[in-house]
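J.: One letter stands for each residue in the lines below.
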Amino acid sequence: MQQVFKRPEALHDVPFHFCAGCHHGIIHRLVGEAIDAYGLREKTIGVASVGCSVFMYDYFNVDVVEAPHGRASAAAVGVKRSRPDNFVFTYQGDGDLAAIGTAEIIHSANRGERITVIFVNNTVFGMTGGQMAPTTMLGQTTTTTPFGRDAQRNGFPIRMAELLAQLDGTAFSARVAVNKIKNLKQAKKALRLAFEAQLSGRGLGFVEFLSSCPTNWKMTPEQANTRVEMEMIPYFPLGVFKELVGSPGEASEE
Amino acid sequence: MAKKRKMLLVKGNEAIAMGAIEAGCRFYFGYPITPQNDIPEYLSAHLPAVGGTFIQAESEIASINMLLGAGATGARAMTSSSSPGISLKQEGLSYMAGSEIPGVVVNMSRSGPGLGGIHPSQGDYFQATRGGGHGDYRTLVLAPDSIQECYELTMSAFDLADKYRNPVVVLGDAILGNMKESLDPKSYRPKKIKKDWALTGAEGRSPRFLKSLYLSDGELTKHNWKLYKKYQSMNKEVRWQDLALEGAKLVLVAFGSMARVLKSTVAMARQEGLKVGLIRPITLYPFPTDIIRRTSEKTRHFLTMELNTGQMVEDVRLAVKPGTKVDFYGVPPGYIPSPDELLQEIKKVYSGKK
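Chains A and B are the protein sequences, given in the same order.
For the first sequence, the working numbering begins at 1 and goes up steadily by one.
For the second sequence, the working numbering begins at 255 and goes up steadily by one.
Do not rely on the hints blindly, as some may be mistaken.
What the hints assert, rightly or not - Derived pair list, reagent style BS3-like, types lysine-lysine, alpha-carbon separation capped at 27 Å:
1. B/K446 with A/K43
2. B/K484 with B/K465
3. B/K476 with B/K503
4. A/K43 with B/K465
Hints in this document: simulated from the structure, not taken from any laboratory.
Please read these numbers as outputs of a predicted model, since none were measured by experiment.
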């Protein structure tokens, strides 16, 4: 019988421990498949962040260094500048990248650092038990917005993919989802382009993955998937916000 | 016949930057802060010429994390700052120590607490020698007192960082950073240090990971004891200078710029017939406990003098033989004491009038 599907080599042969319905498992697999597609496994150095994402080194079959909370984009700069021929990526949640790590991601993008940033947005701080995140939506109840996020008191959810697309050093910025097959296929394409941004030396490649967190949303996996579709995507639109092609210095821009 | 090296007249800050390049440092990540801006400025001009990378980062926090990343790949990398910026780096230092990632961190101390001022001070002694950040860890701390030592101790810092897979702190101050003195730019003798832990891409081998998170039962306990044993083994790197200890009735203990002023003061005191000696720790961690202990067997009176309100004096009290009298004289930041002022204080203590 023909084998049509297998675990990517870039992932260890271990089961994921993530909660039922969590999209980390899918996103890990897509990233692993992209690493394999370009034959990068032996050249990849990953930078783990803090959150449910921290266990990256248990799952990715590549060299990994753990960075302090929010600082993965800066640590990745140190890695990539030291080893420009290696493929360097970070894997960060919404607390890590959009709260404490805002300065680092903005400046890494601004400098056009040749790294690829995987940003997992599930509108909560997952690991710590469901507190408000910068991407928590208005009206959303979390453990630190027990009455629902209120714009006056807690500000607005932040759209990172659009924000980073404004910077000249950002070569690719997109937002995708993996809650259904159609979205997953677009996610795969976006991931490839984010990889290309680094491989072509064009600049920073950024992919924001809308993700579910059934545990902290207090939903079933199916309800969580529906929330991604019906609540998150209308506010966090899917799409490509920046896509530079050609080598740096060329005037072409799509 | 060997060509005689040309002597240079440089600032302490420059000497540190030069020492770093000479020792093979090819990555520098930093942020402007008075009084150490000559360091990033020098390196921004000179690192690219030797194929190195200079990044002016968005903050001291970003800098220490870039250092963590570069160090993780086995590169020789450095960051520098001054007191408030060093406070920002503490989390990064803790992570580097926990993950056993080498790097050199230069602190040209200024005055605090808070924004303080730009005067020189020695108010970061506790921060430097007690790890500085959270958790049970230590960094080696080297305290120069001359431009020559700024250069040579920076070179040593890279060797020690690689040898122990640990961050090393070079603790200077605003005076040292900005004064000019002659420098003999000695060549660095490279050490062969294997880095079979470095991240280079898992080609033909199993992946490596550098982390400080240990959640399984008992794992972190084991890791902490391992680090502890490492710090104990650093004791062999202890360095100090001593002056006129023979027959001394009073021994001064001081480091860095304060010790420098006291070298003149001790000479003046001895000329007036006062039997005063000086111990100058060069490694603040490991602290030269042994020489202090041995000296206190014969000299039963010590006077610690610092540009702060009392930090190293605690280590001196811990080091001396019980029953030894340990006095303290502090000059918190705001001005530099003259040898005369210090001599007056020494006389008071010596004659027991204090």
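J.: Does the alpha-carbon distance linking B/K484 and B/K465 stay inside the 27 Å limit?
T.: holds, 17 Å
J.: Can the restraint linking A/K43 and B/K465 be considered satisfied, given a maximum Cα separation of 27 Å?
T.: Between A/K43 and B/K465 the Cα gap is close to 19 Å, so the pair holds against 27 Å.
J.: Decide if the proposed pair is consistent with the structure: B/K476 and B/K503, CA atoms, cutoff 27 Å inclusive.
T.: violated, 46 Å
J.: Are the Cα atoms of B/K446 and A/K43 separated by 27 Å or less?
T.: At roughly 25 Å apart (the allowed maximum being 27 Å), A/K43 and B/K446 satisfy the hint.
Figure legend: structure checked against the earlier numbered hints; the only hint not met is number 3.
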